[in-house]
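Protein chains: 4
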Amino acid sequence: MEKKRKPYQLVSREWKKEDTIIQLKNTAIGGGNISLMAGPCAVENEDQIFTICEFLSKQNVKILRGGAYKPRTSPYSFQGLKKDGLILMRNAADKYGMSVITEVMDTNLVDEVYQYADILQVGTRNMQNYQLLRALSKIDKPVMLKRGMSSTMEEWLLAAEYILSGGNDKVMLCERGIRTFENATRNTLDLGIVPLLKSVSHLPVIVDPSQGTGLREIVVPMSMAAVLAGADGVMVEVHNQPEEALSDGDQSLYFDQFNDLVTKLKRTAKVLDKNLDLESEKILA
Amino acid sequence: MEKKRKPYQLVSREWKKEDTIIQLKNTAIGGGNISLMAGPCAVENEDQIFTICEFLSKQNVKILRGGAYKPRTSPYSFQGLKKDGLILMRNAADKYGMSVITEVMDTNLVDEVYQYADILQVGTRNMQNYQLLRALSKIDKPVMLKRGMSSTMEEWLLAAEYILSGGNDKVMLCERGIRTFENATRNTLDLGIVPLLKSVSHLPVIVDPSQGTGLREIVVPMSMAAVLAGADGVMVEVHNQPEEALSDGDQSLYFDQFNDLVTKLKRTAKVLDKNLDLESEKILA
Amino acid sequence: MEKKRKPYQLVSREWKKEDTIIQLKNTAIGGGNISLMAGPCAVENEDQIFTICEFLSKQNVKILRGGAYKPRTSPYSFQGLKKDGLILMRNAADKYGMSVITEVMDTNLVDEVYQYADILQVGTRNMQNYQLLRALSKIDKPVMLKRGMSSTMEEWLLAAEYILSGGNDKVMLCERGIRTFENATRNTLDLGIVPLLKSVSHLPVIVDPSQGTGLREIVVPMSMAAVLAGADGVMVEVHNQPEEALSDGDQSLYFDQFNDLVTKLKRTAKVLDKNLDLESEKILA
Amino acid sequence: MEKKRKPYQLVSREWKKEDTIIQLKNTAIGGGNISLMAGPCAVENEDQIFTICEFLSKQNVKILRGGAYKPRTSPYSFQGLKKDGLILMRNAADKYGMSVITEVMDTNLVDEVYQYADILQVGTRNMQNYQLLRALSKIDKPVMLKRGMSSTMEEWLLAAEYILSGGNDKVMLCERGIRTFENATRNTLDLGIVPLLKSVSHLPVIVDPSQGTGLREIVVPMSMAAVLAGADGVMVEVHNQPEEALSDGDQSLYFDQFNDLVTKLKRTAKVLDKNLDLESEKILA
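If you read the sequences in order, they're chains A, B, C and D.
Numbering-wise, the first sequence is residues 1 to 285 according to our numbering.
Numbering-wise, the second sequence is residues 1 to 285 according to our numbering.
Numbering-wise, the third sequence is residues 1 to 285 according to our numbering.
Numbering-wise, the fourth sequence is residues 1 to 285 according to our numbering.
Derived by calculation from the structure, the hints in this document are not laboratory data.
Accuracy of the hints is not assured; some may be wrong.
It does not matter which identical chain is used: a pair holds within one copy or between any two.
The calculated DSS-like cross-link candidates involving lysine-lysine, where the alpha carbons are at most 25 Å apart (straight line), are [to be verified]: (1) K138 x K82; (2) K16 x K270; (3) K25 x K58; (4) K25 x K266; (5) K25 x K141; (6) K83 x K138; (7) K83 x K141; (8) K138 x K25; (9) K58 x K95; (10) K141 x K16; (11) K270 x K141; (12) K83 x K16.
Throw the hints in and build the complete structure from the sequences for me.
Rendered as structure tokens:
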């Protein structure tokens, strides 16, 4: 699709033909599986994270998402439970045999987050934080690189190239919506970038329709659309009491909406002869 | 999803709860059917349009798209066959029992296009051409209103409101990509707007992934994604010789890609317990 | 500044080296003069337009702006006085020896607007209304082509090329803000395009900071900035009672703000050894 | 201009009425002076930085800009001389009695950059790097906060609020262009935000037309425009051999262009009864 010489190399299909598959202890990302990552926007307290985690484990969800360090636009907003949040999330995930994905916001926090997480997430505001990318290139755990809110595909792949060129090839990309003039949705979820990424790169691509739209009512259809666009997985926010959530409650699914999502994604994956990762046998850690 | 009072009325679900269904002689748009509109970007000559039309009719495609009057960025580009193009398209469609959708660019052309088309299309550059919208509010044929390339959902619905408030309620909306900073794709196809539109309005929503992405390689996945996002139909460009096309060849499907599209869309529609319109019995005009 | 072959020709400096100067009966646009066009967003009634016109004539303003046919996002908003508005504006301008600029929204209205206006304006929503551009290429009066709200410089110059290639070389361009993610201002006034336009094209460039920002408080500084960016003129909205205006009152200057604008623009123009057109002798029509 | 309650406080004019003035050893920023910051995009070697610095000192420029740690889109691009670059810049500035502004990219680098710089700059990619903002809120040197390339004014002011609320009130803002659909210029310089910022905030506002446009030919007019829009200063890139520059040569001024800039900015500042900071007496450090 692109003729001109690409400025990236290690992330490209020309460099490596076959899909990158990222192996976790209890599941794998990429290569045909559809991963479903779910959890609250932010870890708020023990009760909340254990309640959500127990609920998710009944659906056999393999990967728990949750924010411990939260980048917030205002210094006066809830900034996360920090290390306490990491510990709570780790404990909840361990109890229910799940993997943990959570954001690392700064080079100084890499060691701490590494200790508790199975996947380290780079947030949209840090996609071009090159010191952080270099630090993550030196670890042996997977990294999920969210797209910068105004980053082109090329800039995004070059940010991934920072991690791969430093020595860490366990990288997945996450489309989470871009900033445009339209504000009927919080961001504009750019699903067209998904098949394009899959053709030029071997890295797994995850889609986050919660951040991407900001509206829980459209998370289910957009998750299904993401899978048929070619995504290797979907990350969604779910909360036991969305209307009480300390951050981003409007985009968090109710439990029954999440159950509906699972049912519909199973049907959707079949169109491409794929399966959701939660359809595979449960493996306790 | 929206709390503040809406500036539009007739197009809203609050005004009319049930889906608008637009009846054509050989099919219907909206209300559960998935419509597939296909044809070349521009009508180029008799051989081209009849060849394409014959091919499409074998797949039982009900609605032929094609440009006779083409809005082109440069005055030096091919501007379409104009009235001759309309006649050719009408003849080809009649031979194969299809309906015709084509663009009307100006108030002065409404009568002429009305004579040959079954659906009159308002192009992205004319979405806020209010004189044209008013002229189309006075006719008794359906109108497809493409989204302006930088129009918000609210502006789009207000443009539709011009047509309904003038007396024509046979209006469908067509998402065709918005203009953003990203140029890996020609436009950014905003699928997130589809479920939102369906919740606030009763009008059918069509998605055009050919214009929306500009890349034929991703038209198939994006068409499938559009259907699961909730679209009532998909409009695609197809050409017997895309590499020779007089306009937009890069985004036109080859015939075998189109066949693949039909197969995959049938499977996709089943996820929502819907059918493609071309799965219903063939009715010759 | 640009190396690749340009897709436009007649509008380029390569085609014509010297600045295009557009001669009106009472002033000239381009070629060193700084034109100041002013008036209400919309003509509302006789008293309003005569009051404003009388005020402007005291400052020796040469060109009266005002909308008679108004393109409005909602069909339920005030749509302008139409032909009555054209007549009122013409009468007011004639009484005070001014030229008239007003928008033409449709091919069907070209003859009517031609009769009353000295400059015909193409609005932002019609920049790519090619039938209208072609109709305006056949007249012998000047045309001001506003930039489409999401049009690139190249698309804009190609739209101007439609008019020149049809035979009318009295074309000026008007930057009026583009649509971006930022909504602190109504649009984002792209002053950087002004010196770029002046280097690639010989056409006069006008800047409209009223539409461009939507905030009267910043119209004065942005007008001064526009002149030093290289604009050949500024178009502003002024109203005798902005808070009562039927459209866009928030961006209309009060009379005393307009007087301040004139004082400051005179000083500003001197930096470039230029003069405002209203500093030249008053010529009654 | 804004009616709703603002989410920021310490940065607002409502909190502090009078302009913030940031005192350096050899000049002051804000409060009526027009600051001119100049230097190369990146420090490349001793000869380059001393040559440029000597040239600038002849014009009595007070603040030297230059990158030692360079955030680059590709991991394979020149990343700056790092600490060696800081030392070179400090030595050159000291020899010629200038202050130094340079970027700090990471919390781990705050101490090092603090040692050599007089003003610490936060780059566009780090505007929402909240750990970095918090670290900078604890130092006693001024911080220049560049606008994120897709940040709204509100997000920008909230990022500044992070620094002020942590204890450092020596903050200035720098508009450097936003990302839009237009790519005739590298970014879209949003001058309209300048008078708006000055009305809602007491912080000094600097404009960077080099980054903002990416085209040296339009840096001079855009600098003049910035001053009349209300900016407290301008930051430009200048290089002894732009065509040989290791980064961003296309936007760096030649020496004679810089001299022209100084002449024209002096005239421009007079329009507002202001002076360039380089017009004041030379003070050797």
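Problem set entry | Unsatisfied constraints (hint numbers, rising) | 2, 11, 12
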